[in-house]
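Chains as they are written, first to last, in this note's numbering: chain X, 1 to 702; chain S, 1 to 451.
Hints in this document: simulated from the structure, not taken from any laboratory. In this text, all values refer to a predicted model and were calculated from it rather than measured experimentally. Worth double-checking, as some hints may not be accurate.
[To be verified] Going by beta-carbon spacing under 7 Å, a handful of chain S positions derived as facing chain X:
hint: 1; residue: Leu180
hint: 2; residue: Gly183
hint: 3; residue: Leu184
hint: 4; residue: Lys188
hint: 5; residue: Met191
hint: 6; residue: Arg192
hint: 7; residue: Pro195
hint: 8; residue: Arg196
hint: 9; residue: Met197
hint: 10; residue: Lys200
hint: 11; residue: Thr201
hint: 12; residue: Asp294
We put the beta carbon where it would ideally sit given N, CA and C, even for glycine.
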Amino acid sequence: MSSRGGKQKKGNVTSEQEEEEQPLQAVLVADSFNRRFFPISKDQPRALLPLGNVAMIDYTLEFLTSTGVQETFVFCCWMSNKIKDHLLKSKWCRPTSPNVVHIITSDLYRSLGDVLRDVDAKNLVRNDFILVYGDVVSNIDVSQALQEHRHRRKVDKNISVMTMVFKESSPGHKSRCEEDDVIVAMDSKSKRVLHYQKTQGLKKLQFPMNIFQHGSDEFEIRHDLLDCHISICSPQVAELFTDNFDYQTRNDFVRGILVNEEILGNQIHLYVTQDGYGARVSNLQMYDSVSSDMVRRWVYPLTPEANFTDQQGQGCTHSRHNVYRGAEVSLGHGSQMEENVLIGRDTSIGANCHISNSVIGNNCTIGDNVVLDRAHMWNNVHISSNVEIHQSVVCDGAVVKEAVHLNKQCVLAYNVVIGPNLSLPDGTVVSMHHPEEEEEDDDDEFLSDDQEVGHSKDKTRQKAFNPAEVGPEGKGYIWKASMNDTEDEELAQCLWGLVLNPDPESDSESEASEESQDRSRSVSPEIDDVNAFQLEVLGTLQRGLEENIVCDNLVLEINSLKYAYNITLKEVMQILTRVVLEYPFQQQGTQLTTLQYTGSLLPLLKTWSPVFKNYIKRAQDHLDCLSAVEELFLEQDTHQTAMVKVLMKMYQLEILEEEAILKWFSTGATNDKSRQLRKNQGLQKFIQWLKEAEDESSEEGE
Amino acid sequence: MELQAVLMAAGGGSRMMDLTYNTRKPLLPVGNKPLIWYPLNLLERVGFEEVIVITTKEVQKMISTDPKMKLDVKMKLDIVCIQEDADMGTADALRHIQQKIKTDILVVSCDLITDAALHEVVDLFRAHNATLSMLMSKAHEFTETVPGQKGKKKTGEQRDFVGVDGTGKRLLFMANEADLDKGLVIRKSIMRKLPRMHIKTGLVDAHLYCLKKSVVDFLADNKSVSSIRGELVPYLVRKQFSKSMTSPNVNDEADQKLKKKDGNANLEIQILSRDEVLLQLTRERSCWNDHRGDMSEAYHGVRLRCYVHIMDEGMCYRVNTLAAYIEANRLAPKLFDEPAVHPSAAISVRCLIGADSIIGASCQISDKASIKRSMIGASTTVREKVKVTNSIIMHGVTIEEGCNIQGSVICSNTVIGRGADIKYCLVGSAQRIEPEGAFWKTPSRLSCAFY
Numbered sequence: 001m002s003s004r005g006g007k008q009k010k011g012n013v014t015s016e017q018e019e020e021e022q023p024l025q026a027v028l029v030a031d032s033f034n035r036r037f038f039p040i041s042k043d044q045p046r047a048l049l050p051l052g053n054v055a056m057i058d059y060t061l062e063f064l065t066s067t068g069v070q071e072t073f074v075f076c077c078w079m080s081n082k083i084k085d086h087l088l089k090s091k092w093c094r095p096t097s098p099n100v101v102h103i104i105t106s107d108l109y110r111s112l113g114d115v116l117r118d119v120d121a122k123n124l125v126r127n128d129f130i131l132v133y134g135d136v137v138s139n140i141d142v143s144q145a146l147q148e149h150r151h152r153r154k155v156d157k158n159i160s161v162m163t164m165v166f167k168e169s170s171p172g173h174k175s176r177c178e179e180d181d182v183i184v185a186m187d188s189k190s191k192r193v194l195h196y197q198k199t200q201g202l203k204k205l206q207f208p209m210n211i212f213q214h215g216s217d218e219f220e221i222r223h224d225l226l227d228c229h230i231s232i233c234s235p236q237v238a239e240l241f242t243d244n245f246d247y248q249t250r251n252d253f254v255r256g257i258l259v260n261e262e263i264l265g266n267q268i269h270l271y272v273t274q275d276g277y278g279a280r281v282s283n284l285q286m287y288d289s290v291s292s293d294m295v296r297r298w299v300y301p302l303t304p305e306a307n308f309t310d311q312q313g314q315g316c317t318h319s320r321h322n323v324y325r326g327a328e329v330s331l332g333h334g335s336q337m338e339e340n341v342l343i344g345r346d347t348s349i350g351a352n353c354h355i356s357n358s359v360i361g362n363n364c365t366i367g368d369n370v371v372l373d374r375a376h377m378w379n380n381v382h383i384s385s386n387v388e389i390h391q392s393v394v395c396d397g398a399v400v401k402e403a404v405h406l407n408k409q410c411v412l413a414y415n416v417v418i419g420p421n422l423s424l425p426d427g428t429v430v431s432m433h434h435p436e437e438e439e440e441d442d443d444d445e446f447l448s449d450d451q452e453v454g455h456s457k458d459k460t461r462q463k464a465f466n467p468a469e470v471g472p473e474g475k476g477y478i479w480k481a482s483m484n485d486t487e488d489e490e491l492a493q494c495l496w497g498l499v500l501n502p503d504p505e506s507d508s509e510s511e512a513s514e515e516s517q518d519r520s521r522s523v524s525p526e527i528d529d530v531n532a533f534q535l536e537v538l539g540t541l542q543r544g545l546e547e548n549i550v551c552d553n554l555v556l557e558i559n560s561l562k563y564a565y566n567i568t569l570k571e572v573m574q575i576l577t578r579v580v581l582e583y584p585f586q587q588q589g590t591q592l593t594t595l596q597y598t599g600s601l602l603p604l605l606k607t608w609s610p611v612f613k614n615y616i617k618r619a620q621d622h623l624d625c626l627s628a629v630e631e632l633f634l635e636q637d638t639h640q641t642a643m644v645k646v647l648m649k650m651y652q653l654e655i656l657e658e659e660a661i662l663k664w665f666s667t668g669a670t671n672d673k674s675r676q677l678r679k680n681q682g683l684q685k686f687i688q689w690l691k692e693a694e695d696e697s698s699e700e701g702e
Numbered sequence: 001m002e003l004q005a006v007l008m009a010a011g012g013g014s015r016m017m018d019l020t021y022n023t024r025k026p027l028l029p030v031g032n033k034p035l036i037w038y039p040l041n042l043l044e045r046v047g048f049e050e051v052i053v054i055t056t057k058e059v060q061k062m063i064s065t066d067p068k069m070k071l072d073v074k075m076k077l078d079i080v081c082i083q084e085d086a087d088m089g090t091a092d093a094l095r096h097i098q099q100k101i102k103t104d105i106l107v108v109s110c111d112l113i114t115d116a117a118l119h120e121v122v123d124l125f126r127a128h129n130a131t132l133s134m135l136m137s138k139a140h141e142f143t144e145t146v147p148g149q150k151g152k153k154k155t156g157e158q159r160d161f162v163g164v165d166g167t168g169k170r171l172l173f174m175a176n177e178a179d180l181d182k183g184l185v186i187r188k189s190i191m192r193k194l195p196r197m198h199i200k201t202g203l204v205d206a207h208l209y210c211l212k213k214s215v216v217d218f219l220a221d222n223k224s225v226s227s228i229r230g231e232l233v234p235y236l237v238r239k240q241f242s243k244s245m246t247s248p249n250v251n252d253e254a255d256q257k258l259k260k261k262d263g264n265a266n267l268e269i270q271i272l273s274r275d276e277v278l279l280q281l282t283r284e285r286s287c288w289n290d291h292r293g294d295m296s297e298a299y300h301g302v303r304l305r306c307y308v309h310i311m312d313e314g315m316c317y318r319v320n321t322l323a324a325y326i327e328a329n330r331l332a333p334k335l336f337d338e339p340a341v342h343p344s345a346a347i348s349v350r351c352l353i354g355a356d357s358i359i360g361a362s363c364q365i366s367d368k369a370s371i372k373r374s375m376i377g378a379s380t381t382v383r384e385k386v387k388v389t390n391s392i393i394m395h396g397v398t399i400e401e402g403c404n405i406q407g408s409v410i411c412s413n414t415v416i417g418r419g420a421d422i423k424y425c426l427v428g429s430a431q432r433i434e435p436e437g438a439f440w441k442t443p444s445r446l447s448c449a450f451y
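Make a model of the complete structure from these sequences and hints.
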């Protein structure tokens, strides 16, 4: 017995050892599968864009290597050749590299899902692996997370399929990207993710109750987490992607797992790091913040002077105020590098320049009296004298001529020439690609019809540059994000991403509305019913118009709604009046002229007069209806002249009686505004006319 | 005087009618002391000299006349009686005594038995100039079998969801599961200010509240609020994040205007804990902040703040169910260091009394009786060869020879005939149990048969 037990134990030990010995693998997705960086990424894949003068993919690979990854699969799709060339030249493909890099390219990948399905099909991973994008910059040591992940899998028999790595950072932190803001509900003890949701555009966060029914009595809702887009996956993840062919992104996967937790029994956990750095460069806003974090040494040991890519001539010196200088940098007389400046090799800077918080690439020339603040200049950029650049990106080979002013969030894509004497407004993107080219490009992506490419390129060449846009000597087109892009409607095609802090005003407004809701709830709980009823009535009338329903049936429907929402007859009438009078605005927008308004309203009144007549019978009903009319026109004060016509029509259609109108006119005025309304000339004439008509009729009667 | 203590002792004990049928809840004996003694003792220990006790006439009469109910407290008790049939809630009761309230108040319920460090709650109240601070505790599992109940109580009860901030002190959210049919909804703006929220279930609200005086004034104006726990506390918690509470410059002038304009707004403004000028100045000049992560002022300018102290260990019971009553009886003796056997009890030398039992005054315990893990009330007679285990025997009970009582509650003045065998039963007061009767735990509440 005992010997058998011993043997078993031994067996366990060896299997453990085997596990340990298996090399840690990683899947690096060197494609974003979106077009956020267009037009920049038209010429260079995102993973190769320089950040602190080093391609972003190098950061990701360095991160993986330093956490102990021994085998990395790099998946490329868009411009895979460039990435391949870059990697083959880099230190990762040297025989001494501790991290073996396999490059897998295919033009068929359309999403992360495709990549992982391919991972499964090719059976590449044998054990837990790390999944990252090629634009992640991080120095987090994930070995702790990995250990926790393995422990969980051992204890719970492979229930946990993924551990997501988060970094703690408060809302509003500049390395947090509004688009990527997530809210996570987790089990405090097991660190299990119960709910995961992007919060962009949400005012209220809703958590389904079933997530709280797992026996635990302590949960945590966290909004202070920054998604590093680093996840530790078990091999099952790839299988799950194969099983669920509709999973496209990691988000789909996470949601799918959480929703189907009961069925599949898979769980996702999270690991929160407090002191590491990890962020994904998902838009230029993030590019800006990650780049400045890099220069400010938050990503230590990945610092500019470390030259971790081990390339010749990349070295630079680090001096006070985080000023880095590459080899052969020349600085003109009187130029200042204030703080957080990184200058690449062979760059020359003229006299009297002010440079702060900027990164300048290799082989750049900068003229005299140039002001650079938060500028990101890549390689071979030429800046002439008297130029000012604020928070902008200038790509390789761009030329900025004399006295050009780049305001915030401008982008000059590859080989663009700007100026002289021009000021680009905020958020201008200039590219050598014509915006209309994109669509054609789109097509040839699928067709890969070389002829057409050449053809389209010829066509774009022919289009002239607009000197008003790029200056007299300029070359380039203003890039406008195409509107017809439907592939990811949630991400507006905005390079810079969303504004980080939405105005606090809207926030408090919502609070105020909440407040009033709160209050009204305590007073009369029907308020919502009334609103709902109004919408229903609107819907009914709309349908009635579209399908030509007889008015009697409309009345029936409204009556049944009245009971469903418990609405009084008086309210029915007021709401009905309101809905009808607002109908033109509803259909054609609020900026109608008075003439258009009456033009479309009067036929409607005629169509629906039987409905009105059904509800307006007693004298009080008339008054109620009139007060509803008044109320509406008090709100729409630009259209007050239309009121007379409406009243006239209603009178003619015998919806309203003259006595009621006269009575309303004489007694109804309760406040200044309604008194003002009654002074309307047209209205006075109408009343006068009514009075005379009445006199006549009464005379006739006598 | 910083705080006035208010003891709520008018509740009828509707969740344990079997016990409170004859004895009002505040007077139920726990460890041979009336229940109301425990909160009074709690207050006395921390140095209160005066307590306003809100109770019913009946209870007042009993306290003043019945020697068994005598409360040996040195504090001055200001007893306010309310009518029993008026169906007043706790907030109604506070409104009733508004005239007496001069300062901030500490409200305690009469059914609270705890060894909590009260200063923790009050310190939160002081440190944050809070409008409300309250005490909660981790819920305890009741281990004892409850008479008349079959099996373990199902956990079908609806849980309370309590949301606290990262430090576990600030109360951000409070709702019952029953009200959350649409899921738990939190405004993003709150999460933005306080990005880390712990949602806890399985907490017991001790019904101990520190409240600002302005809250009592608010109650006086707002007659629709009738219960502290049910309405007032959720209202205050919610109000922390509404806009009118955060706008910093509501001066008195605007205040006046609002009062005239809108009755509702008036009520809200009044409830503001208006920070004194000096205090405000201190906060402006100090680098102290209650949160990290953003640059906004302390508390984000919120002036109505609710805090909660959650006890991690220690004991905290609310004696409002039979199970809690039994559990409290088992543990209460640990709260005071009086001899387990009252000196005036006449106890035979040849009987067996466990160390975890309590014998009340003037008891008679005869030979060969065995009492384990039980409480015997005052003036109770226990005859020969009686075995009492895990039971609660109230005052004036007579247990004849050879009885076997296990896991039961015997209410006062009952006579149990010779040789009766009672297991897991609840026997009402002034009953006569026939000799040789055998009563075992039955599915329904057997106790009802004895009334």
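Each hint, compared with the structure:
At a threshold of 7 Å, the smallest CB-CB gap from Leu180(S) to chain X is about 6 Å, leaving the interface hint in force. With 7 Å as the threshold, the beta carbon of Gly183(S) comes within range of chain X, its nearest partner Cβ sitting at about 5 Å, so the hint holds. The interface hint given for Leu184(S) holds, since its Cβ lies 4 Å from the closest Cβ of chain X, which is under the 7 Å cut-off. Below 7 Å, beta-carbon pairs count as interface contacts, and Lys188(S) has one with chain X at about 6 Å; its hint therefore holds.
For the restraint placing Met191(S) at the interface with chain X, the shortest Cβ-Cβ distance is roughly 4 Å, inside the 7 Å limit, so the hint holds. Interface restraint check for Arg192(S): the shortest CB-CB distance to chain X comes to about 5 Å, inside 7 Å, so the restraint holds. Satisfaction of the interface hint for Pro195(S) is found here, the shortest Cβ-Cβ separation to chain X being roughly 4 Å, below the 7 Å cut-off. About 5 Å separates the beta-carbon of Arg196(S) from the nearest beta-carbon of chain X, less than 7 Å, and the hint is met.
Interface restraint check for Met197(S): the shortest CB-CB distance to chain X comes to about 4 Å, inside 7 Å, so the restraint holds. Checking Lys200(S) against chain X: minimum C-beta separation of about 5 Å stays under 7 Å; hint holds. About 4 Å separates the beta-carbon of Thr201(S) from the nearest beta-carbon of chain X, less than 7 Å, and the hint is met. Restraint check, Asp294(S) versus chain X: the minimum CB separation of about 5 Å is within 7 Å; hint holds.
In summary, this structure violates none of the numbered hints.
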